[in-house]
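*Asks:* So the sequences go chain by chain: A and Y. Numbering-wise, the first sequence is residues 1 to 429 according to my numbering. Numbering-wise, the second sequence is residues 1001 to 1314 according to my numbering.
These aren't lab readings, by the way, just hints derived from the structure by calculation. Be careful, since some hints might not be right.
For each label pair, taking beta carbons as the anchor points, the in silico distance ranges come out as [stated by the list, open to error]:
(1) Y:1151 with A:45: 55 to 61 Å
(2) Y:1039 with A:87: 22 to 28 Å
(3) Y:1039 with A:121: 28 to 34 Å
The beta carbon of each residue, even a glycine, is placed where N, CA and C say it ideally should be.
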Amino acid sequence: MKKRVFKIGAVALVSAFALSACGGTTESPSNEGSNGSAPAAVDPANLETEISILAPSYADSSKSDWDAIIAKFNETYPKVKVNLQIEGWDGFAEKISARIQAGDYPDILNDNAFAASADAGLLYPIDEVVSADTIAAIEPSLLANGVGADGTQWAAPDIASARMLIYNTDLFEKAGIAAAPKSWAEMEDAATKLVALGDGTVGYGMPLGSEEAQVESSLWLWGAGGTWVDGENLVADTPEAVEAFTEMKKLHSEGLTQPKLEDNRQDVANLMHAGKLGMIVGHSQIVADAEAQGINVALAPVPDKAGGDGVTTGVTDFIVAFNNEDADRKAATGALLDLMYSDAMYEGWYKGTKLLPVTTSMIEKAKADATTDNEKGFLEALSIVKFLPVGNTQWDALQTSLQGNAYRVGTDDPAALLKEIQAQVDAQS
Amino acid sequence: MLKKARAATTVGRPRAGRGRATLVALPWLLPTLLLIVGVVLYPAGLMVYTSFFKYNKQGIRRSDDPIGLDNYIGPAGALTFPGVPIGRILLNTVVWVVVVVIITVLLSLLIAQFLNKPFRGRKLLRLFIILPWACSVVMTATVFRYGLQENVGLFNRLLVDTGILEVGRAWTKDPTSAFWIAVFVAIYVSLPFTSYTILAGLQAVPTDVLEAAHVDGATATQRYFQIVLPLLRPAIATAALINIINVFNSLPILRILQETPGYHTGHITTTLMYEYQRALGPGVSSALSVLNFLFCLVIIAIYLVVVRPTKEVD
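From just these sequences and the hints, can you work out the full model?
*Replies:* Written out as structure tokens, the structure is:
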């Protein structure tokens, strides 16, 4: 009986493998391009393979935006079948893990992190896949964000967003605040005046929930003049971090923030859109939504401790290419990405996301097209933004730990809390 | 063949006969066996195996050598990861299972008794009581979560408008209050199944026995505790056991109703497992899963020893 079970099991397994393998077909491997010229080496009309894309849903149009690129791609590469999978951001990491664990690597992945996959040796360096022209088209300050700790360009940014202080100008006027705050002290002062307006008005929205805690706490850390990066390591319990967390705690304990620090960005943005929030650090979508609700808002750099130039943080999402050990798929992947970053295709694609472009030409065009100060503000910030250390392999651990713990600054001692976050990061390295 | 096998048994070679009968039954059993091996034994084995290797968060195995008990008690182990209130979480798990199952069974006894009485509209009422069971647990939990939202939730509005609360509370953003709300929801969704199991048991209680007791002068209380309840024992045993396993492994209710991120004091081991899977990867998560399985076995063993649900049944 046992034998039979094994036999049938074996047959089932083999057929499962056969089924799942039908993507990577038998074409004899063409010449493996050692540099960015791989796509040019194959004849587009005869390249026959199948590649897959896994991308998040930025907006309702995300699927059709990708489909437009794929349709254009298939005009030159008629025999390449492109499978597109679009998933919501919620639980996106789990979807990726599921595919990685099943050994079904997407050829193109659009995500907000790359360090873990790069460290595990699953990726092609992106400059080996796409052409040198495509790399050159991306704004250098943004491109640098896709470099791993080992100095390799593992990922190419595909979309950016800058975070700035967004404030409600009507509430500011009502509370008699003349200008946007530049220092922490001015910020406390402004928030106190805003709260004094009553009617449930909140001074500053501080989302420390699992979605945004890493961005919010980084901003405060940078404002205190600190950084997570210490040589090759990331360190959470620095004196500057304690100072930053102490200031966050102060704002909360004085009743200047929303009552629950574990709120996510959307919870706080809702307050903004209801006209009940004075200040929030956010990106262009929050401004657009607020304006759509008839709330008047303006932008300023995020205040820092001493009232210097302020800090502006940038977030980019990335394109990474998984190594499926198939030269044809690699060639097709490179060709598709080159097409995607071309001005003709990229403009429609990035506009669909309602975020900011990453190619130099499109940033210039968007600046020229921008009609309001708020639109210009975010675009101008793009060249001076600071990034989270996403290329560091420890960032995943630190980010997860911040997402799970940062909100406790409202109740716990900042130094002890940061020690615990550090302990969680240490335990994983 | 079947005839031959039967003949063999009658001739008085029970051992050989039984072996043959098993062989004959095999083709019919095979699909079930395959299913058990495929969906129960293989995954369970894989889980134990996985728990001895190092994985990263994305589920990529980082070394080919087993790492011993590191996923259990290492620096980033399931029981020893810094910042995890593991004692409290184990206690929560016991409280969760015990409270939910006991209250569910007690309430179900009442409901079943009531539904067993003949009255107008009984069918309709029975239908209504089965509704929470017909709804998806995720949906039910989500309704409660939205209803308890601090600013716009309907339950909060009700509490404020009736003057019970001054301002709405963020019920699901406090680990303790969210835990008890989850207990309530878990009872709510477990009631239909339990009630119906017990109702089926009640309908099997022979009326002549009850009538005889009545004639002999037993009071209603005596009749219930000395006749009905003992006869219900198998039904209650089934209901309780299935509930213990169900409730113990219930992820969605707590997962949806707990809005606090991280390793807070409102977890049970099952939700902690999910948290580990996301933050530390499948190695540590599997380790906790193995422990969780043993823990569930212990709870069931205690139940079997203390309550002896099968007594007087055979």
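*Asks:* Tell me, which hint numbers fail for this structure?
*Replies:* none
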